[in-house]
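Chemist: Protein chains in written order, with the numbering used here: chain A, 1 to 290; chain B, 1 to 284.
Some clues are possibly wrong.
Unchecked claim - To be clear about the criterion: a stretch of chain A counts as covered by chain B if any three or more of its residues have a C-beta under 8 Å from a C-beta of chain B, and this derived list gives those stretches:
1) 161-170
2) 187-195
3) 198-208
Source of the hints: derived by calculation from the structure; they are not laboratory data.
Where a beta carbon is used, it is the ideal one built from N, C-alpha and C, also for glycine.
Chain by chain, the residues:
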Amino acid sequence: CILQCFLSLAVFGRAIHAIARISDEFWFDPVEKGLALRSVNSSRSAYACVFFSSMFFQHYCWTAVSQPCQQEQHLSLPCKLIIKSVLPVFRCANVLERNVEKCSISTNPSDHHITFQLLCRHGVVKTYNLTFQECDPLQAVFAKHMCPNILRVHSRLLADVMIHFPTSQEEITLSVTPMKVCFKSYTEEDTDFSRTMLTEIQLSPEEFDYFQVGVDSEVTFCLKELRGLLAFSEATSVPVSIHFDRCGKPIAFSMEDLLLEASFILATLCEAEEEAASPGPACCPRPRDR
Amino acid sequence: MRFRAKIVDLACLNHFSRIINTIAKLAKTCILRLTVCKLYFILSDKVANGGASMWCELSQGNFFDEFQMEGVAAEHNEIYLELVPENLSRALKTSQSAKAVKIKLTNKHCPCLRVAVELPSLSSSSRIVTHDIPVGVIPRRMWNDFREPSVPDFDVSIYLPVLKTMKSVVERMKNLSNFIVIEANLNGEMNLKIESDLVSVTTHFKDLGNPPWASEDGCQSSAQGRDLESMTEACIDIKKLQQLLAGQQVNPTKALCNIVHKRIVHFILLHEEVSLQYFIPAIA
Chain A
1 CILQCFLSLA VFGRAIHAIA RISDEFWFDP VEKGLALRSV NSSRSAYACV
51 FFSSMFFQHY CWTAVSQPCQ QEQHLSLPCK LIIKSVLPVF RCANVLERNV
101 EKCSISTNPS DHHITFQLLC RHGVVKTYNL TFQECDPLQA VFAKHMCPNI
151 LRVHSRLLAD VMIHFPTSQE EITLSVTPMK VCFKSYTEED TDFSRTMLTE
201 IQLSPEEFDY FQVGVDSEVT FCLKELRGLL AFSEATSVPV SIHFDRCGKP
251 IAFSMEDLLL EASFILATLC EAEEEAASPG PACCPRPRDR
Chain B
1 MRFRAKIVDL ACLNHFSRII NTIAKLAKTC ILRLTVCKLY FILSDKVANG
51 GASMWCELSQ GNFFDEFQME GVAAEHNEIY LELVPENLSR ALKTSQSAKA
101 VKIKLTNKHC PCLRVAVELP SLSSSSRIVT HDIPVGVIPR RMWNDFREPS
151 VPDFDVSIYL PVLKTMKSVV ERMKNLSNFI VIEANLNGEM NLKIESDLVS
201 VTTHFKDLGN PPWASEDGCQ SSAQGRDLES MTEACIDIKK LQQLLAGQQV
251 NPTKALCNIV HKRIVHFILL HEEVSLQYFI PAIA
């Protein structure tokens, strides 16, 4: 396809930074309705998708280019980009907004390039030509509406909660009952308690914009991967919804407004399979899988 | 053995946090000694600490609104705990706007200091953040290892220069050498010297003043026919000095050091409610 769009930098840049927490590469997937950025980590235990509707852009033009071998409904073929090569374009999102007047992204499928062009002040134009790899589509299917537990909270609250955990904290456990919500450091049977500092934060259900707990549950997920979304949601001030079930089933953190939708779906640890040798969490959101 | 304490006043809490931050910069692990009236943070001069030792003393009444302590036994009404001060510093770091902070000694999986911070929230009930900091209980037979060090028989005692200035000088010197010589005389003069293969740098301070030390037999009083100009010096690890200066977040009311020629430098930093002594041995 051919895509040309102009966009608001700070938000877009933050989305890229958020996705960078998941993996080194991401899928750049323009469709008629907008642009999706997706990523999955190597153990397939974390998936992120940020979708910018065409209205997010000052100008969005997507043209399907039909190719002889393309027969199914996907007229566009997503491409894979290495995040490391894109990050420098969007480094320092704050500073960017001040210095850059316009940013345009255009794709040229015939020579496998995506061009990011920043039109800056004083007539300076920065052009980044990045090669992409064509690849299979990536999409996690997760039936959010079937989750018994749904919390919605302002992004500021989540940030205020996570600040109490050290930046090195890998995994945390979210424990809910209809009466209270608790985020705590994850511990397992062989944790050396004499050496580990444990932190726990208790919140009342009243602090949430929306609070539904259908089943008492305790889910453990990777905090490091989530931090990207937290920073992104703080920048956009869009509230975050948390959909989850019992342990072992994935947990989804998502945000949605008129212009964009973001979802981070993380696998959660399953008690029964903790003894397994593999370091990664047990259940993963597979493409086309639940 | 029981310990429960509570801080409600924000100014006291911030002050206490600052003290813990200073301690955390000086010691990876240290001893917290609790008595009915005071708290002590102690680092003994074991080889593992590079020979440096620390004694920090504060009156609990100046910080805590509630303080209840029951020691190991009636005649030994004290508690000695070994802990990592950085953990305590981290627990207090995000309590800047707390309604109250409670500290309690508990023993769930192992002995811990449980720090519970009650934070304001958007709803009617507060947010509670709890940190469990693992501690080691020091048995009574080892308490003698942690007695207050006595003031050494020093050759010169002198007030320190403005700490901020001293800190920036030492920080720059740290890039050039691992050791620094502190020398001072009874005429209020102090020099900080470093020397490497390529360069030697000396910073001179004047008019610092020498504190008057009263003592029973007068043998430590300053004017005893001693040559006021002669310098007493000690060569110490520059990193230890830099850590001491970097950890000072507030200007002390009094800051001085006692130097025993080529043996040890004894720093005393006094604030209104807390006193800190730090001993750095000289490098042979």
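Chemist: Hints first: check each against the structure and report whether it holds.
Modeler: The hints, checked one at a time:
1. 161-170: holds (count 3)
2. 187-195: It holds: at least three residues are needed, and the region 187-195 of chain A offers 3 whose Cβ sits within less than 8 Å of chain B.
3. 198-208: n = 9 at 8 Å, threshold three: holds.
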